[in-house]
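With the hints as constraints, model all of the structure from the sequences given.
Quick mapping for you: the protein sequence lines, in order, are chains H and E. Quick note on numbering: the numbering used here labels position 72 of the first sequence as 72, and the sequence is numbered without any gaps. Quick note on numbering: the numbering used here labels position 47 of the second sequence as 166, and the sequence is numbered without any gaps.
Treat the hints as calculated values from the structure; they're not laboratory data. Glycine included, every Cβ here is placed at the ideal spot set by N, Cα and C. Check before you lean on any hint, since a few could be wrong.
[Stated by the list, open to error] Computed cross-link-like contacts, PhoX-like style, restricted to lysine-lysine with a CA-CA straight-line distance of at most 20 angstroms:
| id | chain 1 | residue 1 | chain 2 | residue 2 |
| --- | --- | --- | --- | --- |
| 1 | E | Lys168 | E | Lys141 |
| 2 | E | Lys220 | H | Lys107 |
| 3 | H | Lys44 | E | Lys220 |
[What the hints assert, rightly or not] Computed footprint of chain H on chain E; a stretch qualifies when at least three of its residues, placed anywhere within it, have a C-beta under 8 angstroms from a C-beta of chain H:
| id | segment |
| --- | --- |
| 4 | 187 to 199 |
| 5 | 221 to 231 |
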Amino acid sequence: EAGVAQSPRYKIIEKRQSVAFWCNPISGHATLYWYQQILGQGPKLLIQFQNNGVVDDSQLPKDRFSAERLKGVDSTLKIQPAKLEDSAVYLCASSLKGGTGWVGNEKLFFGSGTQLSVL
Amino acid sequence: AQSVAQPEDQVNVAEGNPLTVKCTYSVSGNPYLFWYVQYPNRGLQFLLKYITGDNLVKGSYGFEAEFNKSQTSFHLKKPSALVSDSALYFCAVSEAYNTDKLIFGTGTRLQVFP
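See the structure below:
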């Protein structure tokens with residue numbers, strides 16, 4: 001079974017520039033999550049999609065962050081403009097929740113993440 | 120608001136010895152508790168979860184965790200550590216009404232020495 005795919009693996013940009021991250025979840029997984037993991041901290045949920053709808057974006061800094069999952073499969077997270085404090089690893093995860101075969105309390109499958117450095 | 124505390128930044132243990140990685144939680148209702156492990160340059164991997172039932176939960180790679188409601192703890196344990204267990208371990212909690220919203224602890228780095 002293929003895992004959650006993310007690209008790019010690393011990204012270095014200057015502050016005020018824009019950046020985009022891509023995620024392709026495991027096939028059949030209806031729910032997709034974007035997490036931000038700052039060095040020394042645990043992952044923090046930014047946004048959760050079920051199919052192509054947003055379930056929770058309460059912790060997404062909407063003045064600069066945006067995310068979409070137009071066809072209910074892969075997703076893009078964008079930062080525009082980036083700030084120094086956005087330096088982090090951005091993790092994408094998926095789960096079966098809301099899809100065929102979901103039985104509740106499903107575990108999350110994480111991608112390897114995109115490490116962003118803002119200079 | 121729910122929260123998770125992992126009081127140790129790092130745990131060192133000799134190979135073959137038992138290991139414990141500590142976690143305490145705070146939720147308003149019944150907790151759903153999870154352990155995830157992160158190897159270098161890899162995403163987080165699910166180890167085990169507690170939803171209800173037996174307080175001792177068994178998971179992947181020989182790990183287990185004990186749910187203690189009176190102490191609000193969910194410590195991760197393994198009877199005999201392996202060098203390959205060296206990684207970053209995260210405890211997470213969600214509330215029963217919203218099992219999707221995981222709150223992660225800050226992580227504990229486990230170092231197993233040969």
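Violations among the numbered hints: Of the numbered hints, just 4 does not hold.
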